[in-house]
Amino acid sequence: MTRGTSTATQKDAIQNTFNRAFGAGAAAALGRMDQVDRVYELRCLIALIAALRTKRPSLRFTLSAGSGVTLRAKGGPINRTGNAWIEVSDGDGPALAEIWSNVEFLALSHVYQGRPSPAGWTYGRAHELDLVLVTPGLSGRPEPGDILIGVEAKHRPYGKGLLKELLGVRREMAFVGKPAQNPWAWWSLGGLPATPASGLVAWCAYASITNYTQAADFYGIWMEHLPL
Amino acid sequence: MAETDDDWRELFETYRFEVVRAGFAAWDEAAFADDDPDEEPVAWDDFRKPVFIDLGDDRPGHVSERFERYAKRFVKLLACLEAQSVDRLVRDLGELVRTRDGEPVATVLVQNADGEAEPLGIRYRHEGLVAEFQALNETLFSPGDPEPLITPVPA
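In order, the protein sequence lines correspond to chains A and B.
The numbering used here puts the first residue of the first sequence at 1, with every later residue one more than the last.
The numbering used here puts the first residue of the second sequence at 229, with every later residue one more than the last.
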């Protein structure tokens, strides 16, 4: 077999395998990456709950309504009538916090300029977190002070672009400040260097995230390789 | 098996094009850029076909090594999206989260951009798909040490 024929045969094998797997049409491909992200968000949701329970074993996690968790593909405000959430309580006690998926929070720069909550496109006035642990009873977009822990879930190799995105989100969540206690932040023993003392977690399915953790402690971020 | 770097480059382009066409463009961009952290993401022409401006290394064999890492990662990605992997995650969630009635949470849905709920994960067109991609890799690359497709999740 000549070299050219061999390469052509292998190209055919690649194309045929993909066609058998996914079909030739492009329409079905739309949203496939969204599904990848949602599956990994579920993995991170489990990790978040497990970490909180390890720190405080008496915590109870209860779905607010229905029998299934719904992960939103599109970020937005907290919608208490349209979406279920996970209530966090200590035993039978009242709700201490709530877990929501794909929630936009108001940017620190927006809140400190005293502007009203944005309607329609938020542009730079709000930013999405894949998962949030917030104070209970909120509606709409939480302010930075409402966030107990935010989670960024990345099921793709970690690179400089994702780090810049993470640091930008952190900049709009909290000022760098003197260490303050956040009882939910399982990785923080001496307090988080943040005002407000929110925690930010970046989980990535790829080990390359460990190459980018130099700034994490300084900003009170927990960056970890979390395989799917 | 391909012999020259040009052959490998052509096969890698084909593979990446199919990955993008299958709906994994964001993963492709990150997976390609990650191989060399200082490299800018690949540019795309009007036909959404990868344009390899610079693979960053002229060392012989570099293209094939890079292609192999990319292809193995893609198979791992597919394995993670299999129904059985998703079902395992849902069971894990049910161990931690209960309904108001005290029952384990049994389903996880995705609310798409139109507000409609749909099942989580990708239901592939046929069973054995991941094995088929593994077989493809074996025909493309020299056999090496087998790698686990899914890293076990600690209990």
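To be clear, the hints were calculated from the coordinates, so they are not data collected in a lab.
A quick note: this is a predicted structure, and the numbers were derived from the prediction, not measured.
Each hint should be verified, as a subset may be incorrect.
[Said to hold, decoys possible] Pairs of lysine to any residue, SDA-like flavour, derived with a Cα cap of 20 Å:
(1) B/Lys-300 with B/Asp-315
(2) A/Lys-164 with A/Phe-175
(3) A/Lys-74 with B/Ser-370
(4) A/Lys-11 with B/Glu-293
(5) B/Lys-300 with B/Gly-356
(6) A/Lys-11 with B/Arg-249
(7) B/Lys-300 with B/Ser-370
(8) A/Lys-11 with B/Ala-341
(9) B/Lys-300 with A/Asn-19
(10) B/Lys-300 with A/Lys-164
[What the hints assert, rightly or not] Under 10 Å between C-beta atoms, here's a sample of chain B residues computed to sit facing chain A:
(11) Gly-251
(12) His-290
(13) Arg-294
(14) Glu-323
(15) Leu-357
Virtual Cβ for every residue (Gly too), placed ideally from N, Cα, C.
Okay, the hints, checked on the actual structure:
1. Of the pairs offered as hints, the one joining B/Lys-300 and B/Asp-315 is violated, with about 23 Å between alpha carbons and a cut-off of 20 Å exceeded.
2. Restraint check for A/Lys-164 and A/Phe-175: satisfied, since their Cα atoms lie roughly 17 Å apart, inside the 20 Å limit.
3. Simply put, A/Lys-74 and B/Ser-370 have alpha-carbon atoms about 42 Å apart, too far for the 20 Å limit, and the pair is violated.
4. Restraint check for A/Lys-11 and B/Glu-293: satisfied, since their Cα atoms lie roughly 17 Å apart, inside the 20 Å limit.
5. Between the alpha carbons of B/Lys-300 and B/Gly-356 the distance comes to roughly 16 Å, so the proposed pair stays at or under 20 Å and holds.
6. Only pairs whose Cα atoms come within 20 Å are accepted, and A/Lys-11 paired with B/Arg-249 is accepted, the gap being roughly 15 Å.
7. With a C-alpha separation of about 12 Å, the suggested pair B/Lys-300 and B/Ser-370 falls inside the 20 Å cut-off, and the hint holds.
8. At roughly 35 Å between alpha-carbon atoms, A/Lys-11 and B/Ala-341 are farther apart than 20 Å, so this suggested pair is violated.
9. Of the supplied pair hints, the one linking B/Lys-300 and A/Asn-19 holds, its CA atoms being roughly 18 Å apart against a limit of 20 Å.
10. This hinted pair does not check out: B/Lys-300 and A/Lys-164 have alpha carbons roughly 27 Å apart, beyond 20 Å.
11. For B/Gly-251, the shortest C-beta to C-beta distance to chain A is roughly 3 Å, which falls under 10 Å, so the interface hint holds.
12. Interface hint status for B/His-290: violated, as the beta-carbon distance to the closest one in chain A is roughly 18 Å, over 10 Å.
13. Annotation: B/Arg-294 was flagged as interfacial toward chain A, and the flag is violated, the nearest CB pair being 13 Å apart, outside 10 Å.
14. Given hint, B/Glu-323 at the interface with chain A, holds; its Cβ is 9 Å from that chain's nearest Cβ, closer than 10 Å.
15. The criterion of a C-beta within 10 Å of any C-beta in chain A is met by B/Leu-357, whose closest approach is roughly 5 Å, and the hint holds.
In summary, the structure is inconsistent with hints 1, 3, 8, 10, 12 and 13 from the numbered list given earlier, while agreeing with the others.
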